[in-house]
Every structure is written in structure tokens, then in C-alpha cells.
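Those protein sequence lines, which keep their order, are chains A and B. Position in the first sequence (first residue = 1) + 2 = our numbering. Position in the second sequence (first residue = 1) + 15 = our numbering.
One should not assume that every hint holds.
Ranges between beta-carbon positions, derived for each pair [as the list claims (entries may be wrong)]: (1) ASP103(B) <-> PRO184(A): 53 to 61 Å; (2) LEU156(B) <-> THR173(A): 38 to 46 Å; (3) TYR96(B) <-> ARG111(A): 46 to 54 Å; (4) ARG111(A) <-> ASP103(B): 46 to 54 Å; (5) THR143(A) <-> GLN76(B): 24 to 32 Å; (6) GLU140(A) <-> PRO107(B): 24 to 32 Å; (7) ASP103(B) <-> GLY141(A): 29 to 37 Å; (8) LEU101(B) <-> ILE166(A): 15 to 23 Å; (9) PHE129(B) <-> ARG111(A): 30 to 38 Å; (10) TYR82(A) <-> LEU154(B): 31 to 39 Å; (11) SER122(B) <-> VAL155(A): 26 to 34 Å; (12) HIS75(A) <-> ASP103(B): 27 to 35 Å; (13) HIS139(A) <-> ARG136(B): 21 to 29 Å; (14) GLY102(B) <-> THR165(A): 33 to 41 Å.
If we take Cβ atoms under 8 Å as the criterion, some of the chain B residues that face chain A in the derived model are [unchecked claim]: (15) SER122; (16) PHE138; (17) ILE155.
Only some residues are given here: those of chain B computed to face chain A with a beta carbon under 7 Å [what the hints assert, rightly or not]: (18) ALA70; (19) GLN76; (20) LYS79; (21) ILE83; (22) ILE87; (23) TYR95; (24) ALA106; (25) LEU108; (26) ASN131; (27) VAL143; (28) VAL147; (29) TYR149.
Hint data in this document are derived by calculation from the structure and do not stem from the laboratory. Idealized CB from N, CA, C, for every residue including glycine.
So you can see what is in the structure, the chains are spelled out below.
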Amino acid sequence: MATTTTSADDEILDESPGETPAGHGLSPVTNTGVSNEKLAMWCFLGSECLLFGALISTYFLYRGRSVTGPTSHQIYDIPYTSISSFVLLMSSLTMVLALAAIQRGDHRRLRLWLSATALLGTIFVGGQVYEFTEFIHEGLTVKTNLFGSSFFVLTGFHGVHVTIGIMMLLTLVIMSARGRLPQSKAGLVEIIGLYWHFVDVVWIVIFTVVYLIPAPVVHVTPPLQIR
Amino acid sequence: MSDTEPTNKVAEATTATSSVLTESDAPVPVPVDPAASAHAPDHASLAAAGVEHGAHPTDAQYIKIAAILACITAGEVGVYYIKGGLGDGFAPLLICLAAIKFFIVGSYFMHLRFDNRVLRRLFITGIVLACVIYAFVFLILGVFSGTHGAHK
Numbered sequence: 003m004a005t006t007t008t009s010a011d012d013e014i015l016d017e018s019p020g021e022t023p024a025g026h027g028l029s030p031v032t033n034t035g036v037s038n039e040k041l042a043m044w045c046f047l048g049s050e051c052l053l054f055g056a057l058i059s060t061y062f063l064y065r066g067r068s069v070t071g072p073t074s075h076q077i078y079d080i081p082y083t084s085i086s087s088f089v090l091l092m093s094s095l096t097m098v099l100a101l102a103a104i105q106r107g108d109h110r111r112l113r114l115w116l117s118a119t120a121l122l123g124t125i126f127v128g129g130q131v132y133e134f135t136e137f138i139h140e141g142l143t144v145k146t147n148l149f150g151s152s153f154f155v156l157t158g159f160h161g162v163h164v165t166i167g168i169m170m171l172l173t174l175v176i177m178s179a180r181g182r183l184p185q186s187k188a189g190l191v192e193i194i195g196l197y198w199h200f201v202d203v204v205w206i207v208i209f210t211v212v213y214l215i216p217a218p219v220v221h222v223t224p225p226l227q228i229r
Numbered sequence: 016m017s018d019t020e021p022t023n024k025v026a027e028a029t030t031a032t033s034s035v036l037t038e039s040d041a042p043v044p045v046p047v048d049p050a051a052s053a054h055a056p057d058h059a060s061l062a063a064a065g066v067e068h069g070a071h072p073t074d075a076q077y078i079k080i081a082a083i084l085a086c087i088t089a090g091e092v093g094v095y096y097i098k099g100g101l102g103d104g105f106a107p108l109l110i111c112l113a114a115i116k117f118f119i120v121g122s123y124f125m126h127l128r129f130d131n132r133v134l135r136r137l138f139i140t141g142i143v144l145a146c147v148i149y150a151f152v153f154l155i156l157g158v159f160s161g162t163h164g165a166h167k
């Protein structure tokens, strides 16, 4: 039965690619009532939870265990990072407004809000690059200590995700400008929006557990050096 | 009855399903090919599977939600600066504020509150799995017992 359903779905796609019963521009009606692409994006986001969970756990394991400086207490600039967090949070607002715009068929506002989201994302990534540069000038690199390694890997991975999101947003802007993003393809904006909101949600966690909750000072005895 | 022969009942159910799906997900209804969608689930089974389609917030409501998120973020930063006065409650309070923000973004911006229950379960499964796995890792490494990092 399931096989037959799949073949029927394939027939719809073959007949009218891009136009579907659900009007998403994605896959046709499925047994779950959710488009395959949207379901795939949610599965992907579920797996991303595990990835970032691993990175955040690693940061926790190494928190406060660096035997050499600089440490988080010495180099964090909380007001600066708070502004970056605010910028990323507001990009989620512009993203959801872009989705609402395409669902209304307002393509001018769609491009406006998508561009605003990409701009805010770029400001965030630019801020992160500046922060990394400052940290390196202060002597913290990925090889300096445990804090440096776990911090740069965690926030660096997040920055890469934001950068990929910006590229996807700009692709949507270009598609819309060329008239290749009709209202029936609002689902495409929705699944990229899901990715963007997820990146925002991950930063909410990182901002709290990495920046705001201070690391305990743990005196670790370094292992004996064998000469 | 063959799988490829849609009955009137199936066709009616399919029409009902399509209208439910198009109401919230797509502003422009696209005609359904009855022959191709003969195998689509009926409305009752979709409802049983947890398909929920509520109205999404308006632009003004989204702006209000973003304002709430901004206020919570400001609150977090404020808590950071008065941490001395909060004692042991400092970290749990920050985690609670972050959880509220996480919940708001997930529910309203990611539409989990309005979308199919399957999606909510998928995402929550990922989060719960991550929490359980890493809690075990912390237990094994002795993070909770304070033995982590001790060199023997």
C-alpha cells in the first residue's frame, strides 16, 4: 500500500512539478499531512540538536579546566555579545515576516524582509569574526588551552551555520527577484526559515551557557611531564 | 476493491483533507487530481495522526513576540550583572530564561504550536535524545560527582 501511495505521489510530481495539492511548491499530500521536504528539515534539525549537544557538552566538560590563560573571565565582552544576540534574535522576526509576506503574495516585502534577515545575519557573523580577532590578539587561539579549543569549535560551528543560512537567504532573494519564487513555493521559504530559527535557538542556548553563566574556577593539577 | 479505484467516499475524504491542508499552509488553493490523490489519507486518520492547523500569528503579533524576546534577553543580561545578589539561583534563573526564549521561538516562529504534531515530536525527540545521551556522558565522566578532571 505504501509503495502504491509513493507511485501516485510521483505521478503528481511528474505531471506538475512545483505545483502541488498542498500548494507548497514542495511534495504532494502525504500520509502524515506534512510535505516530505519539511519533514526532512525537521529530521535534520533533530540531528543538529545532537551535533550542537555534543559541542556544548564538550565545552561543559572543559569549562574552567584550563591550566593556562586567558580564560573566559578575562576576555568576554558581555555587552558586545548581548548586542550580537539581539541582532540574531531580531533576524528571526524579519524571517518570519518574510514568510508571512510570501504567504500573502507580497513579493516586494518578501525580498525586503529576506534581505533584512540576511543583513542582520551578516552583522552577527561580522561581529563574531571581530570577536574572534580580538580574542586572538589577546592570546586566545584554538590551540592555547581547553577553553580556547572548545569555545572556538562551538561558536565557530554556529557561525558556519549562520553563514550557510545567509547564503540560502540570498539565494531566495535572487530567485524572488527573477520571478522564480511564486506564492505557491512559500514552503521553500518556510523550510529555510526553520533552519534560520534553529540557528537562532542554538545561539539562545550558547549565549546563556557559554557567555552568561561563568565558568567555575577549578584548579587542575597538570599531568607530570615525562622527559 | 483495488487500490487504484477511488470510491466516492475516498474522494470526499481527500477533498476534505486537501481543504484542511490548504487553509493554513497555502494561500492559493491548487486543484487536486482525484485520481492521483486517491491514496491520500482521510480526514479522520489525519486528525488521529495529530494534524493541527491553527491560524498563524499576524505581523503585529510577531512583533510583540519579538519584543518579549528582546525583553527577556535584556533581563538575562541584567541578571548577569546582579549575579552576586542571586547566589545559587543565578545559573538556574538564566537557564529558565533561556528555556522560555527557546520555547517561544520554537512555538511561534517555528510554528510548532500550529503545525503537525509529528514535527513537534521529531524535534522534541532530538532534544530529549541529546539531553539523555550527554547526561550519561557526564555521569560516566564523573562531572556530577565532582571527580571529573582529577588526575590519578
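Right, here's what the structure says about each hint:
1. At roughly 56 Å, the beta carbons of ASP103(B) and PRO184(A) sit within the given window of 53 to 61 Å.
2. LEU156(B) and THR173(A) have their C-beta atoms about 42 Å apart, which keeps the hinted 38 to 46 Å range intact.
3. In this structure the supplied range 46 to 54 Å is violated for TYR96(B) paired with ARG111(A), their Cβ-Cβ distance being about 38 Å.
4. Look at ARG111(A) against ASP103(B): about 48 Å separates their beta carbons, and that is inside 46 to 54 Å.
5. Taken as a hint, the range 24 to 32 Å is violated for the pair THR143(A) and GLN76(B), whose Cβ atoms sit roughly 45 Å apart.
6. Between GLU140(A) and PRO107(B), the C-beta spacing of about 31 Å keeps the proposed range 24 to 32 Å intact.
7. At about 33 Å, the beta-carbon gap between ASP103(B) and GLY141(A) stays in the expected band of 29 to 37 Å.
8. For LEU101(B) paired with ILE166(A), a C-beta distance near 38 Å fails the hint of 15 to 23 Å.
9. At about 21 Å, the beta-carbon gap between PHE129(B) and ARG111(A) misses the expected band of 30 to 38 Å.
10. A hinted range of 31 to 39 Å holds for the C-beta pair TYR82(A) and LEU154(B), which are about 36 Å apart.
11. In this structure the hint that SER122(B) and VAL155(A) lie 26 to 34 Å apart at CB holds, the actual value being about 30 Å.
12. At about 19 Å, the beta-carbon gap between HIS75(A) and ASP103(B) misses the expected band of 27 to 35 Å.
13. For the pair HIS139(A) and ARG136(B), the supplied restraint of 21 to 29 Å is violated, since their beta-carbon distance comes to about 46 Å.
14. Checking the proposed 33 to 41 Å range against GLY102(B) and THR165(A) shows it holds: the Cβ atoms sit about 40 Å from each other.
15. Look at SER122(B): its Cβ only gets to about 11 Å from chain A, farther than 8 Å, so that hint breaks.
16. The closest approach between the C-beta of PHE138(B) and any C-beta of chain A is roughly 6 Å, which is under the 8 Å cut-off, so the hint is satisfied.
17. The beta carbon of ILE155(B) comes no nearer than 11 Å to any beta carbon in chain A, farther than 8 Å, and the hint placing it at the interface is violated.
18. Hint status for ALA70(B) relative to chain A: violated, with the closest Cβ pair at about 12 Å, above 7 Å.
19. A hinted interface residue such as GLN76(B) counts as satisfied when its beta carbon comes closer than 7 Å to some beta carbon of chain A; here the least separation is about 10 Å, so the hint is violated.
20. Annotation: LYS79(B) was flagged as interfacial toward chain A, and the flag is violated, the nearest CB pair being 10 Å apart, outside 7 Å.
21. Of the supplied interface hints, the one on ILE83(B) is violated, with its beta-carbon coming no nearer than about 11 Å to a beta-carbon of chain A, more than 7 Å.
22. Interface hint status for ILE87(B): violated, as the beta-carbon distance to the closest one in chain A is roughly 9 Å, over 7 Å.
23. The interface hint given for TYR95(B) holds, since its Cβ lies 5 Å from the closest Cβ of chain A, which is under the 7 Å cut-off.
24. A hinted interface residue such as ALA106(B) counts as satisfied when its beta carbon comes closer than 7 Å to some beta carbon of chain A; here the least separation is about 5 Å, so the hint holds.
25. Among the interface hints, the one on LEU108(B) is violated; its C-beta lies about 10 Å from the nearest C-beta in chain A, farther than the 7 Å criterion.
26. Satisfaction of the interface hint for ASN131(B) is found here, the shortest Cβ-Cβ separation to chain A being roughly 5 Å, below the 7 Å cut-off.
27. Here the hint on VAL143(B) is broken, as its CB sits about 9 Å from the closest CB of chain A, past 7 Å.
28. A distance limit of 7 Å between C-beta atoms decides the matter here; for VAL147(B) the minimum to chain A is near 10 Å, and the interface restraint is violated.
29. Given the 7 Å rule on beta carbons, the hint for TYR149(B) holds: about 4 Å separates it from the nearest Cβ of chain A.
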